[in-house]
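Asks: Spelled out from the first residue to the last, the chains are:
Number of protein chains: 4
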Amino acid sequence: MNDEKPDMRTLIAEVSLALFEKRGFTETSVQDICDELGVTKGTFYYYFASKEALLMDIHEQYIVTLLEEQGKILADADLTYREKVCAILYMLIRDIEKRGARGRVFFREMRHLNDERKAKIVPLRNQFRLNIEQMVREGVEAGAFRSATNPKLAAFALLGIANWSYQWFHPDGELSDQEVADAFAAMLLEGIEVASRDR
Amino acid sequence: MNDEKPDMRTLIAEVSLALFEKRGFTETSVQDICDELGVTKGTFYYYFASKEALLMDIHEQYIVTLLEEQGKILADADLTYREKVCAILYMLIRDIEKRGARGRVFFREMRHLNDERKAKIVPLRNQFRLNIEQMVREGVEAGAFRSATNPKLAAFALLGIANWSYQWFHPDGELSDQEVADAFAAMLLEGIEVASRDR
Amino acid sequence: MNDEKPDMRTLIAEVSLALFEKRGFTETSVQDICDELGVTKGTFYYYFASKEALLMDIHEQYIVTLLEEQGKILADADLTYREKVCAILYMLIRDIEKRGARGRVFFREMRHLNDERKAKIVPLRNQFRLNIEQMVREGVEAGAFRSATNPKLAAFALLGIANWSYQWFHPDGELSDQEVADAFAAMLLEGIEVASRDR
Amino acid sequence: MNDEKPDMRTLIAEVSLALFEKRGFTETSVQDICDELGVTKGTFYYYFASKEALLMDIHEQYIVTLLEEQGKILADADLTYREKVCAILYMLIRDIEKRGARGRVFFREMRHLNDERKAKIVPLRNQFRLNIEQMVREGVEAGAFRSATNPKLAAFALLGIANWSYQWFHPDGELSDQEVADAFAAMLLEGIEVASRDR
DNA sequence: CATGAATGAGGATTCATTCAT
DNA sequence: AATGAATGAATCCTCATTCAT
Numbered sequence: 015m016n017d018e019k020p021d022m023r024t025l026i027a028e029v030s031l032a033l034f035e036k037r038g039f040t041e042t043s044v045q046d047i048c049d050e051l052g053v054t055k056g057t058f059y060y061y062f063a064s065k066e067a068l069l070m071d072i073h074e075q076y077i078v079t080l081l082e083e084q085g086k087i088l089a090d091a092d093l094t095y096r097e098k099v100c101a102i103l104y105m106l107i108r109d110i111e112k113r114g115a116r117g118r119v120f121f122r123e124m125r126h127l128n129d130e131r132k133a134k135i136v137p138l139r140n141q142f143r144l145n146i147e148q149m150v151r152e153g154v155e156a157g158a159f160r161s162a163t164n165p166k167l168a169a170f171a172l173l174g175i176a177n178w179s180y181q182w183f184h185p186d187g188e189l190s191d192q193e194v195a196d197a198f199a200a201m202l203l204e205g206i207e208v209a210s211r212d213r
Numbered sequence: 015m016n017d018e019k020p021d022m023r024t025l026i027a028e029v030s031l032a033l034f035e036k037r038g039f040t041e042t043s044v045q046d047i048c049d050e051l052g053v054t055k056g057t058f059y060y061y062f063a064s065k066e067a068l069l070m071d072i073h074e075q076y077i078v079t080l081l082e083e084q085g086k087i088l089a090d091a092d093l094t095y096r097e098k099v100c101a102i103l104y105m106l107i108r109d110i111e112k113r114g115a116r117g118r119v120f121f122r123e124m125r126h127l128n129d130e131r132k133a134k135i136v137p138l139r140n141q142f143r144l145n146i147e148q149m150v151r152e153g154v155e156a157g158a159f160r161s162a163t164n165p166k167l168a169a170f171a172l173l174g175i176a177n178w179s180y181q182w183f184h185p186d187g188e189l190s191d192q193e194v195a196d197a198f199a200a201m202l203l204e205g206i207e208v209a210s211r212d213r
Numbered sequence: 015m016n017d018e019k020p021d022m023r024t025l026i027a028e029v030s031l032a033l034f035e036k037r038g039f040t041e042t043s044v045q046d047i048c049d050e051l052g053v054t055k056g057t058f059y060y061y062f063a064s065k066e067a068l069l070m071d072i073h074e075q076y077i078v079t080l081l082e083e084q085g086k087i088l089a090d091a092d093l094t095y096r097e098k099v100c101a102i103l104y105m106l107i108r109d110i111e112k113r114g115a116r117g118r119v120f121f122r123e124m125r126h127l128n129d130e131r132k133a134k135i136v137p138l139r140n141q142f143r144l145n146i147e148q149m150v151r152e153g154v155e156a157g158a159f160r161s162a163t164n165p166k167l168a169a170f171a172l173l174g175i176a177n178w179s180y181q182w183f184h185p186d187g188e189l190s191d192q193e194v195a196d197a198f199a200a201m202l203l204e205g206i207e208v209a210s211r212d213r
Numbered sequence: 015m016n017d018e019k020p021d022m023r024t025l026i027a028e029v030s031l032a033l034f035e036k037r038g039f040t041e042t043s044v045q046d047i048c049d050e051l052g053v054t055k056g057t058f059y060y061y062f063a064s065k066e067a068l069l070m071d072i073h074e075q076y077i078v079t080l081l082e083e084q085g086k087i088l089a090d091a092d093l094t095y096r097e098k099v100c101a102i103l104y105m106l107i108r109d110i111e112k113r114g115a116r117g118r119v120f121f122r123e124m125r126h127l128n129d130e131r132k133a134k135i136v137p138l139r140n141q142f143r144l145n146i147e148q149m150v151r152e153g154v155e156a157g158a159f160r161s162a163t164n165p166k167l168a169a170f171a172l173l174g175i176a177n178w179s180y181q182w183f184h185p186d187g188e189l190s191d192q193e194v195a196d197a198f199a200a201m202l203l204e205g206i207e208v209a210s211r212d213r
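For the record, the sequence lines run as chains A, B, C and D.
Numbering-wise (our numbering), the first sequence opens with residue 15 and increments by one.
Numbering-wise (our numbering), the second sequence opens with residue 15 and increments by one.
Numbering-wise (our numbering), the third sequence opens with residue 15 and increments by one.
Numbering-wise (our numbering), the fourth sequence opens with residue 15 and increments by one.
Calculated from the structure, these hints are not laboratory results.
One or more of the hints may lead you astray.
Same chains, same names: a pair is fine if it fits in one copy or spans any two.
Heads up, simulated DSSO-like pairs for lysine-lysine below, C-alpha to C-alpha not over 30 Å straight-line [to be verified]: (1) K36 <-> K65; (2) K36 <-> K166; (3) K55 <-> K86; (4) K98 <-> K65.
Let's have the full structure, built from the sequences with the hints guiding it.
Replies: Structure below.
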């Protein structure tokens, strides 16, 4: 009912994304993409100026959507700082199911964008990280997070935990995305060590 | 005194590593490597059966060395579980300085190994992770880590935090490798949240 | 008042001519032409059977017009032979301003016509030269030109002088078209050498 | 006895030159060149960085050789100005036999060099013309050429006459290169018109 | 040990042209 | 009269690899 028109452009983008994820950007030829769709290379170039332009498309869509979702979480006045950390972790982990390929391609293939294109994407990617950093900083000031916390490193830690899961997490495994996100949030917030006074 | 023999094989491997890191495996041609060394392609193929064989070399050296170092830490009876976590994190972060290129190439280019070669590397890489998982499990049993801790996820979190730093950490930045490792260890062990009874 | 109907066919021909001159026939794509006009390729092919057919159009118009103008000069009984030489040179040089693009495209791109088309154009081009040759021959017989003059070579010399100017002459330079034509006529008619008896 | 080694690089350059002349630079594919030689494209690119680099080679060789020969003529103190004009014309016409293809390709395909390469060739080409201009100027000052002569236009006329012959002159025609050159020199020096006092 | 020449398969991209609408 | 989607062949170029010397 909603995708009555298969829309060749979208079709190409989807098939390409899948191939880029599986084999990598450089290892996927335009011919591979066309073979998969049963069209000729002319068709590909009718819709995309170059293979790299298509990669840019994928990158832009990914980071822009991510920033929007993050914005909603951070702006939500009803959430505590703890809940914001949980929400962002959950958003990223859940994303693997919904847009895992996009995420993997985003982080792995960005270097194939030329300088000009990278100059448009990198600031957005950094913004995502800086937004987390800022949130942690505010949480420290508000007394929710330990005063010893380095907001910059905390942001990197959160991103490392979440983004690394792209390499191993399969949504149909034994743990659900919500469970994984919760467990990670607990580690980052409370640590894994038995608190000194509980020993 | 220590590099009396420049040893062409090692030379090729080193130069290749640097190029693979900077440009990527696929984007680096055998010609590029030879140009850098001022030798001809014949020389390259005298020492390595193929470009992929060279990549395998880099992978093997990296993971074998890493496993050895990890083994020393885990076998050290003098270390507490907390100290072991710190030591492993420090080992990985410090590695970025010493062998950063190798690590980045290891994680980024592994997919260019053929199935047979990957079948030799992947178990070693998994072993590294399982060793951490096992250490956490023992720590939980020994009462050093919270009983709620999921050892598998904890291992993934530790690796995510450490390996993600390959993407941003520069040893000559404002924080030293020791400081970064300590801060990460603190987060993972104690969490960033102010403990409930301290609020 | 005179271009009431922009006439797509003429529009296409004009834009194409400009592009062919600037970039060359092969280097100009049908897409380039359409982009310039803001129409689609379908439109182009509605008016012209092929890119080459359009090139033929340009060639025909050029040589036919040129032959007509030449005919008027040669048939003019009021002109001396000297004046006819001057007039033809002036016609060609002045043409660079009015139809320079056409001339350059004519001489430079003729080889892109297929054999059949070339068979229609080449005789016309030769006719233009033979008409000059014939005029010189008559001039010699009439005693206006030196008896030693080889009419064939004289025609080639005149054409060489005039057509080579397409490569360097800019009507807005320091010399006007009339001055250039006059100077060339003087050289060809009187030579540049100080006559032996004047020495 | 002198070309014992067929030298692939020279071979490629020669075959390419012939094809460029016959079909044009753009219309000649690297594949065409290789087919002609029975080698593969890899071989071509082993010897030339690009098709354009090969074109540059042809251009450089042509103009450098031409300038050298011109230099010898102009520096020859034994020659009168008249003889210098004859010699240069003869050199250019004779060249058509020896290096006609090179000349035609030089003038016709120069625009396919990129800006950087053109910036190396154009000054040399201009130098050739300016040398003639300077010679004419000196001839005027020395009283050998009419004082009314515009040296710049005279140089263009000489070049136009000579270079246009590339389009039609075949050394095996009814006139020899020497005869054609002499006839052209006579026209340019003495004119074709019967001198006023001879009428 | 090392070279230099050659291969051949594959890659991204361009483009004139067609055709249903 | 004009559009827009699609074709398919050709083009330049890259590159891992081989091999005689």
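Asks: All hints are to be evaluated individually against the structure, with a verdict given for each.
Replies: Comparing the hints with the structure gives:
In the homo-oligomer, the alpha carbons of K36 and K65 lie at most 30 Å apart both inside one protomer (16 Å) and across protomers (21 Å), since each shortest distance falls under that limit. For the identical chains of this complex, K36 and K166 are inter-copy neighbours only, at 25 Å across copies versus 33 Å inside a copy, given an alpha-carbon limit of 30 Å. Within a single copy, K55 and K86 get their C-alpha atoms no closer than 40 Å, and across copies no closer than 46 Å, so neither meets the 30 Å cut-off. In the homo-oligomer, the alpha carbons of K98 and K65 never lie at most 30 Å apart, since the shortest distance is 37 Å inside one protomer and 46 Å across protomers.
Hints 3 and 4 from the list above are not met by this structure, while the remaining hints are.
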